[in-house]
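Participant: So you can see what is in the structure, the chains are spelled out below.
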Amino acid sequence: MIKMGDKNGKLRIGWFSFTCCEDSTIIFTELLNTRWKNWKNQLEFVHAKVLKKSPDAIPEMDIAFVEGAITGDGQEQKLKNIRQKAKYLVAIGSCAVIGSPSNQRNFFNRSQLEEISPILARFKYKEKVLKLSDVVKVDEVVPGCPMNEQIFLQIMDKYLNTLTR
Amino acid sequence: MHDPTDPFDAENFDINLSEISKIEGAASLEIKVRNKKIEYLKFSISEWKRFYTQAIQGKPAVAVPQLVARICGTCSNAHLLCSLKAIENAFSVMPSNQTKQLRKLLYFGLLIRDHGLHLYIFALPDIYGKNSILDFDEKDPTQKQLLEDTFEVKEVGNQLSIIVGGRSVHAPNPTLGGFFKYPLLEDLKNLIPRLIGIRSKILTLIEIFAKAPFEMKPIIQPIFSGLTSDDFSFLTGLIKNSAGKAISENEFQSYLDAVIIPYSHARGFKLNGGLMMVGAMSRLNLSKDALHPKTKSELSNYLEFFPSNNIFHNNLAQAIEILHAIDSSIDIIENLNQINNEKLPKIAPRESTGVGVIEAPRGTLYHKYNIDAQGLIKKAEIIVPTGQNQVLMERGIYEQTDKLLSEGAGREIIIQEAEKLIRAFDPCMSCASHFLKVTWK
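Read top to bottom, the protein sequences are chains E and B.
Going by our numbering, the first sequence opens with residue 1, and the numbers climb by one from there.
Going by our numbering, the second sequence opens with residue 166, and the numbers climb by one from there.
Bear in mind the hints are in silico, worked out from the structure with no lab data behind them.
Careful, some of the hints might be misleading.
To be verified - For each label pair, taking beta carbons as the anchor points, the in silico distance ranges come out as: (1) V424(B) <-> Q84(E): 51 to 61 Å; (2) P306(B) <-> N38(E): 19 to 29 Å; (3) A411(B) <-> D56(E): 43 to 53 Å; (4) Q84(E) <-> R515(B): 53 to 63 Å; (5) E372(B) <-> E149(E): 43 to 53 Å; (6) N8(E) <-> S465(B): 44 to 54 Å; (7) E60(E) <-> E516(B): 55 to 65 Å; (8) D56(E) <-> T369(B): 50 to 60 Å; (9) Q154(E) <-> K202(B): 33 to 43 Å; (10) N38(E) <-> I384(B): 19 to 29 Å; (11) L501(B) <-> K124(E): 22 to 32 Å; (12) S465(B) <-> L113(E): 49 to 59 Å; (13) Q503(B) <-> E149(E): 23 to 33 Å; (14) I384(B) <-> D56(E): 28 to 38 Å.
Just so it is clear, CB atoms sit at the ideal spot from N, CA and C, and this is done for glycine as well.
All chains should be built: construct the whole structure from the sequences, respecting the hints.
Facilitator: Quick look at the structure:
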């Protein structure tokens, strides 16, 4: 196992959202209601836009939790950057893991595509919406829409346990 | 030549915020200042569209509420309830009184959790000069208490939604005409002490936001708009506005003027050709007298703030609405003597149009579906609160920035104040960006 944790023995965590409804972000913030007392001495949020003003430059981190699908080239570059800075990358929720439902335009018929084509062209959308593993190596997945809380907590516990070894 | 990246040049600079923090979803802000004047200012919603109104074309109308709940994580149950209302209207399904009461509880759970997220996690750090609620000093008794309140208030709202809906996000139990699975009465009764327990925390929160020294009053007062009812239910009523107009839900199509904003992924709206605002402050401006009697009697001093045109009073209005949601929920649960496993009505698909309008936490939400004889969606239109506030939001940032520049403020202050103001609107970008304009004729 790669060495984890900062000089204070805390896991350096990033939470990132791409194209999705951010339902897993809500589930995560609700998990804090009952878990923060235990986590506050073990986690350091180095990038979490929902919780704090976060730096433009992606920092080095132990774990990047990433929700959402990839819709634009800028998102693809940012995801690759996150992958480079994170020891582990966890795909969070259905859009990140399998692309759906954010990739529903991938399955549109001709008339539906004609309706949306001016928007796709104006804002330079990618031809197809991608799941995270289409772009980068994904170490763990938390499926579900929203994410399955129990699987998320198991993964979090697994990485937290690496701190105490 | 001026160097716009020079941090010491207070007269010429560029602001390019690609991701505004502590809001729902992604929005960006660009400001170009030359000789202490704004050359241009663009507030844009930068979420990528997921095209929900196209994606549900051809899908069975009965399946649509669960699909469109996925438009937004935090407003999920508002979209669900609005969509259920629209499809029920299309198929003439009349929900029972029990279903109406349970839906109110589901909604109040959402409101407590969602306003709680906004006020404690997004807005409160601005008042205490902190980056994050998690940075609150636990050695300071006030800050320690507020951190604990954050989690307890949100958790009670969360639990109310989970008990009634089966989950607080994308609730699986509510369906057309009732619930797939009904909550246990005992679970609801057990929540009463916790609802009572967070009342005092919300009274503290109300006091904090009433005393917050933030003010932004648009030069031209916007028209405040919202769905109003005798019991401040958020789920039924007439659409009214501060210009004196009142219409039924079915007339909404001719009510709003869509505005295309070329640089934003979402469209904005105007009312009577002018600026408009929806959300908690609009609701209190229009119908504070309809709040729960206990909420009203306890907050008579703070209700004097309304009607208000200080955008930051949207935070205070949200805190007051949480108290109303708590008091209303306690009443409903206390009056429930049993919960029957009511049978769901048989749905007979037919060619029809259904409109649903509710007050989502951030303002008026409209769903309209055109359904064919087989019960499949032909067309859909969804108008969300943040779209209705978008034009005023940009205008407000412009006026505030202009004022700050005239007072000699520099780049960092302007960024900080712009972010604070944007947060006061409590925009939801996840909601705002996923629809295209529909031509109905």
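Participant: Evaluate each hint against the coordinates.
Facilitator: Results of checking the hints against the structure:
1. One distance hint, 51 to 61 Å for the beta-carbon pair V424(B) and Q84(E), is violated here, with the actual separation near 41 Å.
2. In this structure the hint that P306(B) and N38(E) lie 19 to 29 Å apart at CB holds, the actual value being about 22 Å.
3. For A411(B) and D56(E), the Cβ-Cβ distance of about 47 Å falls inside the hinted range of 43 to 53 Å, so the restraint holds.
4. Checked against the hint of 53 to 63 Å, the C-beta distance between Q84(E) and R515(B) comes to roughly 56 Å, which is consistent with it.
5. For the pair E372(B) and E149(E), the supplied restraint of 43 to 53 Å is violated, since their beta-carbon distance comes to about 34 Å.
6. For N8(E) and S465(B), the hinted distance range of 44 to 54 Å is satisfied, since their beta carbons lie about 49 Å from each other.
7. Range check, E60(E) to E516(B): about 59 Å between beta-carbon atoms, so the 55 to 65 Å window is met.
8. About 35 Å separates the C-beta atoms of D56(E) and T369(B), a value inconsistent with the hinted range of 50 to 60 Å.
9. Taking 33 to 43 Å as the suggested C-beta distance range, the pair Q154(E) and K202(B) does not conform, at roughly 56 Å.
10. The given range of 19 to 29 Å is broken by N38(E) and I384(B), whose C-beta atoms sit roughly 50 Å from each other.
11. At roughly 53 Å, the beta-carbon separation of L501(B) and K124(E) lies outside the given 22 to 32 Å, and the hint is violated.
12. The given range of 49 to 59 Å is respected by S465(B) and L113(E), whose C-beta atoms sit roughly 57 Å from each other.
13. Take Q503(B) and E149(E): their Cβ atoms lie about 31 Å apart, and the range 23 to 33 Å holds.
14. A beta carbon spacing of about 33 Å between I384(B) and D56(E) agrees with the range 28 to 38 Å that was offered as a hint.
Figure legend: structure checked against the earlier numbered hints; hints not met, in rising order: 1, 5, 8, 9, 10 and 11.
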